[in-house]
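Fit chains B and C to the supplied structure of chain A, relying on the hints for placement.
Below, each chain spelled out in residue letters.
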Amino acid sequence: MMPDATHPPARRAAALLGRMVLGAVLLGPILALLLHASSTHWFFPRLVPAEWTLAPLLRQLGDPRTRAALGASLLTAGITTGIALLLGLPAARVLGLRTFRGRSLVLLVLFLPNIVPPLAIGMGLNVLLLRLGLAGSIAGVVLVHLVPVVPYAILALLGVFARYDEGYELQARTLGANPCQVWLRVALPLLWPGLAVAALFAFLVSWSQYVLTLLVGGGQVITLPILLFAAVSGGNPTSIAGLALLFAAPPAVAIALAVRALAAAAGQPARGMS
Amino acid sequence: MTRIALTGITRSYLRRAPPALAHVSLAVEPGTLLALLGASGSGKSTLLKLVAGVEAPDQGDIAFDGRSVLPVPAHRRRAVLVFQNAYLFPFLSVAENIAFGLRVQGASRATMQAEVRRMLDLVELPGIERKRPAQLSGGEQQRVALARALAIRPRVLLLDEPFSSLDSAVRHTLQEAVRRIQRELGITTLLVTHDRGEALAMADRVALLDRGALLAHETPQRLFARPPTRRAAHLMGVTTCLRGELAGGQLRTSLGVLAVDADGAPAGLATYAIRPEHMRLACAPEPNALPVRVLAETFRGERYEYLLQAGDETLRVHAFQPFTAPADAPAYVVLPTEHLFPVCDDAVAPPARPA
Amino acid sequence: MTRARQTFGIWLALAPALAVVGLLVGASLAYGVAQSLGLLAILGTSQVSVAAYRDLLDGTGPAGREFWPALGFSLWVSLASTGLSALGALLVAAALGRRPADGTILLMLNLNLAFPHLVWAVALGLLLGQSGLLARLAAALGLIDAPAEFPVLVRDRDGLGIILHYVSKEMPFLMLIVLAVLRTQGTEYDLVAENLGADGWQRVRHITLPLVLPALAAGSALVFAFSFGAYEVPALLGVRYPRTLAVLALESFVNPDLRQRATGMALGLIIGLVTLVVVGLGRAWQRAEVRHDA
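Residue numbers (this note's numbering), protein chains in the order written: chain A, 1 to 274; chain B, 1 to 355; chain C, 1 to 294.
The following block holds chain A by itself, in its conformation from the complex (with noise of 0.2 angstroms):
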């Protein structure tokens, strides 16, 4: 019999290589954008920086259009989750608690934005919007998010409600709870490690749009995405690294935060999608 059959030297090699692999590719690109915003004047062949300062994100900060835009990338992800979770919850709890004739026809409409390219929708709206008056409005903007968002916070959510028993509310209501009183005292404690995940998650979405943005804010709403895009045509790389950090490091450090809080609560990873 041969020793420690299952893990053999050669292939522990193999595992620690492609762990190590693994890690260059996850996380160099985010040390390459460290490195950038975190210093100046940093020139080929150098391999470290030779100046370090936090003077050129700090400036990005207290740039004027830097923070109108931050302002209007908040405000679109923070009312398209809201609407999101509004219309998404009770179309999760019964797709995921229920079942029904028409379920996976309802599934398939609600993943249709994930086979249109958003190009396609962004474009088709642009043209409706301009019509209602909406286009270069964050309303417009919060309208056309919804596409995407509203089905991913739904399939967020459906996994929430996999995991959900309904026990529990029948029994706060034997015990005398009204429907408001066992949403608010049972449901929602229950639901919200996942609900917040999800809405992150949605959040996320939003915020990360550049494409429908562009189509339906017309040059008139600026989020930070689209400051972003503009500035990698022109800007130094100092200043588009430290503009690319400060819009993509409070979702990764606050979803970061919450997949450790909730594997550590219930011992399972959260799911999401690009």
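Hints in this document: simulated from the structure, not taken from any laboratory. None of these values were measured; they are calculated from a predicted model. We put the beta carbon where it would ideally sit given N, CA and C, even for glycine. Careful, some of the hints might be misleading.
As the list claims (entries may be wrong) - Just a few of them, taken from the derived set where beta-carbon distance is under 10 angstroms, the chain A residues facing chain C:
{"id": "1", "residue": "Ala-32"}
{"id": "2", "residue": "Val-144"}
{"id": "3", "residue": "Leu-243"}
Claimed, not checked - In silico contact screen, one side only, chain C against chain A (beta carbon under 10 angstroms); selected entries:
{"id": "4", "residue": "Leu-109"}
{"id": "5", "residue": "Leu-111"}
{"id": "6", "residue": "Pro-147"}
{"id": "7", "residue": "Leu-236"}
For chains B and C alone, kept in the frame of chain A given last:
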């Protein structure tokens, strides 16, 4: 104390499937415990949900003390469910769980504290107010769930298999505790169970449910001794039913002639049943004995079980003593007249035996 | 009666979400088709015309000349990205078997998921560009002397940068899917198979693969659909020629020459159509494989 009356209750879930409950009428006297006994799919849990008000019947009426409660929503019915899964809210402490029903009614802090203490004393778990549900054992969780249900002083207590996930020692003490508390408080109680022993041990009355129909509604003693129909007899553990021609106190079956207590029953086709522990094995022919072949003997600890072949029927007999006879000697099974009782054929056909 | 009320309740709960998604997608497709057929209120024309499609398929007109190369380039980039991502995720599944993935890897995968594509593309540019971090590493090791000697990995004619982007973004996504499947149902089957005498490779072949394949296939369809229709990444990491269909579509649509809008819209719809065809073919192929296996 509340009297529950169910009249003509029908409930179906799927359009084309047979109803989960069909025309069930039943009354529960104030302060008594009624066990709803049946296999899974018999409709017993559905009945409980209808009484609790978390589901509504398609037809029929449910009344507490003569007043229909159908217009009353679940949260105002004061009919509390206790489930197999105790459903203690994991985000609340034991005390907060017990006080839940009082809190949603807007009770004062002092009332809640006093009531929590009183309830914990009642279920014999004093001093665990600050614990979390996850820190409790299965039996303790059920006791807390019971305390939480009783804290709102319900009119009706509805127990849905509350003991079935517990191991047998804990189950027995908890059964005794529930029965004691139920008697003390005089609370009208419905207990859903698939465990015959539990139903017989705890109930004032047992309602036997089978595929949505009410088969019998009797005291445990009567139901055990004289189940009224073949199906009821089967559910009470009677495996021997003999069909034959009844005439002059004798039942002519394909296996032989048996003297039975006809008690004025009309002559003609009849079915008589007998409990397995009421039959007896013998080495020599005697009155009411049928020749058999012993197929198998199983030692069950407190008894022996024999599988017998009589004609083309197989019989099961329970005995407290082993049957010691030479292997090739003739054997007989004795069916004493005083233990043979008539059963009706069921209106619904018995289910096909699983292959 | 109660049954009817329940059904009503179900559809009432679904209605708002379905209405918003259905109406917006429906309206966008309707307006899109109308625009692509030349029914453009802005231009004041109201004649139905298939000119936009004809020019594209014939390869004539400003955008049409690029159509077929762009289609080929888009398919190459998306199929390569999807295939490599799925392969990577499968390798991870095979390597992990029933051992749970550790928290650090899960955290890194989720962190990757949280990065917007736009930012990731910028970061990849800073890592892989000719004066990027990797090039500096090569210089420090004495492999190259000047930035120009470093291979062109981003903004290259073969779409390597775009593919590298999608693989490094979508492979983690597919890995998370695979890990979720393995976590929820992998271990018992694997133990049973081992108990029945299956060796490591047989377990991967007969237990792990069939378990993860349905979820992986669905995830891969999402990856293909996304990478085939996305604009930002090829716009940032691609070159002027060949362009992807998405870049061609958006740049035609926002062209100051309003007649180009019909072309852009037609391209958008063609992207959707090709996505449907490829995803459909993929599904049919997967089903055939399953039947062949059984």
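Here is how each hint holds up against the structure:
{"no.": "1", "hint": "Ala-32", "in the structure": "4 angstroms, holds"}
{"no.": "2", "hint": "Val-144", "in the structure": "7 angstroms, holds"}
{"no.": "3", "hint": "Leu-243", "in the structure": "9 angstroms, holds"}
{"no.": "4", "hint": "Leu-109", "in the structure": "7 angstroms, holds"}
{"no.": "5", "hint": "Leu-111", "in the structure": "5 angstroms, holds"}
{"no.": "6", "hint": "Pro-147", "in the structure": "5 angstroms, holds"}
{"no.": "7", "hint": "Leu-236", "in the structure": "6 angstroms, holds"}
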